Amino acid sequence: MSDKLTGVVVAHSELAASLLAAVRAIAGDDHGLAAVSNTGCDRAALLKSLDAAIGAGPAVVFTDMAGGSCAFTAAALARGRGDVRVVTGVNLAMLVDFAFHRELPVAEAARRAVEVGRTAVGLVEK
Amino acid sequence: MSLVLYRIDDRLIHGQVVVGWGQRLGIGFIVLVDDGVKANVWEQELYRMGVPGAMDVAFATVAEAAGHVAEWERDPRKGILLTGDVDTMVALCDQAPGVRKVNLGGVHAKDGRRERLRYVFLTDAEAAKLVALAARGVEVTAQDLPTTKPVPMADLA
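These protein sequence lines map, in sequence, to chains A and B.
For the first sequence, this note's numbering assigns the number 1 to the initial residue and increments by one for each residue that follows.
For the second sequence, this note's numbering assigns the number 1001 to the initial residue and increments by one for each residue that follows.
Looking at chain A on its own, in the form it has when it is part of the complex (with noise of 0.2 Å):
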């Protein structure tokens, strides 16, 4: 068993598994890093799929809207866990550094993960 974080990227249609794809690309290979899709489950069944994803824990779960199925379903099941943390807005950039930092406490790590997302996200002046 590892003693590194889980992370489980939980988000509409094909999101979490284009991210995870893109993680790949640039960190080669998963790091520890788990796909989840809403499609096609109600609460129930989206609860299950994501409790399997995190197993042991402990785990940082991402999620993509602050107000989706997702987010509603990540946060009900952190509520019993004190083991595991809810992040939503996932972006590229905060995956790809949480992939390097997974030997920090969760909650710091869930922490880091929303400041170098927030960072991630500018504008581009011409």
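The hints are simulated quantities; they were obtained by calculation from the structure and are not laboratory data.
Keep in mind it's a predicted model, so treat the numbers as computed, not measured.
Among the hints, a few may not be true.
[As the list claims (entries may be wrong)] Computed cross-link-like contacts, PhoX-like style, restricted to lysine-lysine with a CA-CA straight-line distance of at most 25 Å:
#	chain 1	residue 1	chain 2	residue 2
1	B	Lys1078	B	Lys1101
2	B	Lys1110	A	Lys48
3	B	Lys1129	B	Lys1149
4	B	Lys1101	B	Lys1038
5	B	Lys1149	A	Lys48
6	B	Lys1101	B	Lys1149
[As the list claims (entries may be wrong)] Some chain B residues judged to face chain A by a derived CB distance under 10 Å, without partners named:
#	residue
7	Ile1013
8	Tyr1047
9	Gly1106
10	Val1107
11	Phe1121
12	Val1131
A virtual CB, placed ideally from N, CA and C, is assigned to each residue, including glycine.
Go by the hints and put chain B onto chain A.
Using the frame of chain A, we list chain B on its own:
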């Protein structure tokens, strides 16, 4: 403008509702009719976090909703009423005869259900209840997003 959508969606408040319908129709409020969510303050807070600040969210049991439908219909804003399953919407229609249109927005796969559309899976009992609702004059159609074509219940039975 009143309630412009009575929707059955087992994901309740989520992206399709808030963005897909909410932004396109200029929705000002959402009513979530679910006895379980009504009894769970933490879950209500979670759902409130997921909607834009300009959009109000109300939570109600079926009985409470039945007593408030007329009031919501007089609201100057446009609203969406949501239930998480067929039985809850049918119960609401039984208690609030003013409901004339029901939208099947998302009922996903589960034991005993058969696929009717990509986003609509129903048991025969659920389908029969919706057919009976349609026979009483309620317009029942499936439509996940405003950009897709509504499918009459008769085509899904």
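Consistency of the hints with the structure:
| no. | hint | verdict |
| --- | --- | --- |
| 1 | Lys1078(B) <-> Lys1101(B) | 15 Å, holds |
| 2 | Lys1110(B) <-> Lys48(A) | 13 Å, holds |
| 3 | Lys1129(B) <-> Lys1149(B) | 22 Å, holds |
| 4 | Lys1101(B) <-> Lys1038(B) | 24 Å, holds |
| 5 | Lys1149(B) <-> Lys48(A) | 32 Å, violated |
| 6 | Lys1101(B) <-> Lys1149(B) | 15 Å, holds |
| 7 | Ile1013 | 7 Å, holds |
| 8 | Tyr1047 | 7 Å, holds |
| 9 | Gly1106 | 8 Å, holds |
| 10 | Val1107 | 8 Å, holds |
| 11 | Phe1121 | 9 Å, holds |
| 12 | Val1131 | 22 Å, violated |
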